[in-house]
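Trainee: We have chain A already, so just place chain B on it with the hints.
Protein chains in written order, with the numbering used here: chain A, 2 to 313; chain B, 2 to 313.
Simulated from the structure, these hints should not be mistaken for lab results. Every clue listed holds true.
One copy or two, it doesn't matter: identical chains are merged, so the pair holds either way.
Below, a list of computed lysine-lysine pairs in the DSBU-like style, where the Cα atoms sit at most 30 angstroms apart:
1. 91 x 189
2. 253 x 268
3. 158 x 78
4. 91 x 117
A quick note: this is a predicted structure, and the numbers were derived from the prediction, not measured.
Protein chains: 2
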Amino acid sequence: MKNFAIAIHGGAGTILRSLMTPEKEAQYTNALQNAIDAGYTILDEGGSSLDAVEAAVMSMENFPLFNAGKGAVFTNKGLHEMDAAIMDGKTLEAGAVSGISSVQNPVHLARIIKEKSGHVMLSGGEAAKFAKKMNLPFQPDEYFYTEERFQQWTAVKDSDTYQLDHSDKTEKGEKKFGTVGAVAIDIKGNLAAATSTGGMTNKRYGRVGDSPIIGAGTYANNNTCAISCTGHGEFFIRAVVAYDISCLMEYKGLTLKAACDYVVKDKLVKMGGEGGLIAIDKDGNIELPFNSEGMYRAWKKEGEETVVKIYE
Amino acid sequence: MKNFAIAIHGGAGTILRSLMTPEKEAQYTNALQNAIDAGYTILDEGGSSLDAVEAAVMSMENFPLFNAGKGAVFTNKGLHEMDAAIMDGKTLEAGAVSGISSVQNPVHLARIIKEKSGHVMLSGGEAAKFAKKMNLPFQPDEYFYTEERFQQWTAVKDSDTYQLDHSDKTEKGEKKFGTVGAVAIDIKGNLAAATSTGGMTNKRYGRVGDSPIIGAGTYANNNTCAISCTGHGEFFIRAVVAYDISCLMEYKGLTLKAACDYVVKDKLVKMGGEGGLIAIDKDGNIELPFNSEGMYRAWKKEGEETVVKIYE
Chain A
2 MKNFAIAIHG GAGTILRSLM TPEKEAQYTN ALQNAIDAGY TILDEGGSSL DAVEAAVMSM
62 ENFPLFNAGK GAVFTNKGLH EMDAAIMDGK TLEAGAVSGI SSVQNPVHLA RIIKEKSGHV
122 MLSGGEAAKF AKKMNLPFQP DEYFYTEERF QQWTAVKDSD TYQLDHSDKT EKGEKKFGTV
182 GAVAIDIKGN LAAATSTGGM TNKRYGRVGD SPIIGAGTYA NNNTCAISCT GHGEFFIRAV
242 VAYDISCLME YKGLTLKAAC DYVVKDKLVK MGGEGGLIAI DKDGNIELPF NSEGMYRAWK
302 KEGEETVVKI YE
Chain B
2 MKNFAIAIHG GAGTILRSLM TPEKEAQYTN ALQNAIDAGY TILDEGGSSL DAVEAAVMSM
62 ENFPLFNAGK GAVFTNKGLH EMDAAIMDGK TLEAGAVSGI SSVQNPVHLA RIIKEKSGHV
122 MLSGGEAAKF AKKMNLPFQP DEYFYTEERF QQWTAVKDSD TYQLDHSDKT EKGEKKFGTV
182 GAVAIDIKGN LAAATSTGGM TNKRYGRVGD SPIIGAGTYA NNNTCAISCT GHGEFFIRAV
242 VAYDISCLME YKGLTLKAAC DYVVKDKLVK MGGEGGLIAI DKDGNIELPF NSEGMYRAWK
302 KEGEETVVKI YE
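Bound conformation, chain A alone (with noise of 0.2 angstroms):
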């Protein structure tokens, strides 16, 4: 029998403390907790990984304040696009999702996605319809609709500069990357990832960014690790990342803190690739690196107390 833990993590960025209330770092620090609580509670009953990352992820899509789910950010045409994917370390069976409208879980379509339909990347309205086979549950645009992502949508929908060269002008300061994400090792030793994401405010043109991507965004292997990412995702696809950090174990022996390091601070700096992940090896070892000034993070290992961090 292994320990078992979960991580899970809200979204890398410039996390401006100026910007922070002591309400909503409250605000913040109670989701990533129940979040973490969903999660462990599947663990400590003796459940799946895959089962407790899903359910970490679902808490995490029911939150407002985090960019997936109900709090997801605004399309350049109003709307709310979605990503996610789920990853089974003990199988390697995956399911993801890429611009799914509607669907108030997209981490749970993703894991239906994995199971039911033959496929593991689905995308668009088409996906839209699996899930209404599916008899998944639907949700209005007003559930998705929340005050603070109309507003930072309202500041930048006539302008695509934001689109089309990544400036951050049009941001005011704060820049986050707000997927959300857990990993955890379960009784069993086996390994389970997941990741759900709104994407880019104001995005368009159908922009598929790392989070549905198996190998870039999420990645679960029993014999090496389970990855969730957050960050600036075209360089998270050009780089591999999950993945990479998986091979730095298995083909070249590194530590999952050390392949984590190289990634994360070396590798996806030198391209100007800003954001995090979390990690979690077969060993129960966690790791939460990130470039960027913070990333909403916490942890639970089998027995201790839950650790939650914003800022470095």
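Mentor: Leaving out everything else, chain B in the frame of chain A:
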């Protein structure tokens, strides 16, 4: 100065000799030769591997017998939804598109996404809007109509078993993963890879295969190799095939041949993943492994004759 070279594939699978007429074999052979010529000419004039793989893949997209561009298979709705990707091994910049309709050359769109969108991956009808804005050539539905593909679709369109259980019983013996792709090294030693596909006949729910997934179906890195895959895409995504070969070279010191053999003929076989790939390394070595009965393929090294093969 490096010796330049190019390799291409037109899909792997169960290519039955009994269904192959001398006329059809000649058509395929000519099409592969034309694609090699399109890429090789560019390399021979000192052009880039990126231009060469794009030209070679566009040549195959324009040829109706390959499942990409003009010859793309029909989806469940009777449409053509194509995927493509391209990657530059020098800069690790990449472009990809999934579920694109009506664009004449999806690989060219992937190239323009890489260079003009600020993103790596766009999808669906929104990606078509980007292509329109970039003034890419579009074609009406008739352009993509081929009698053979229509008949293949007609035979399975009222069944949904194929999509959900990957049963081959509807496929009348011939099972082909008709993706096309190219890899090349240019005179400067820069590597590039490109892949394009129509996906699976009768596909639905916006299924995305491995072709447009950087690291799975397409990858290039000047430090190691360039790879383009063809096969049962779900397995290639789960195994992160293209980047796996790169990592086995970079982190474990394997030769291109050893890495290709291990991934295609051992790991993928154990998972049940049928297909193959083309690969070229930084020293100009070429490998074209497959675990299926055949793979349309060809290659040409500087100053040598073109080699065209279909079966083992």
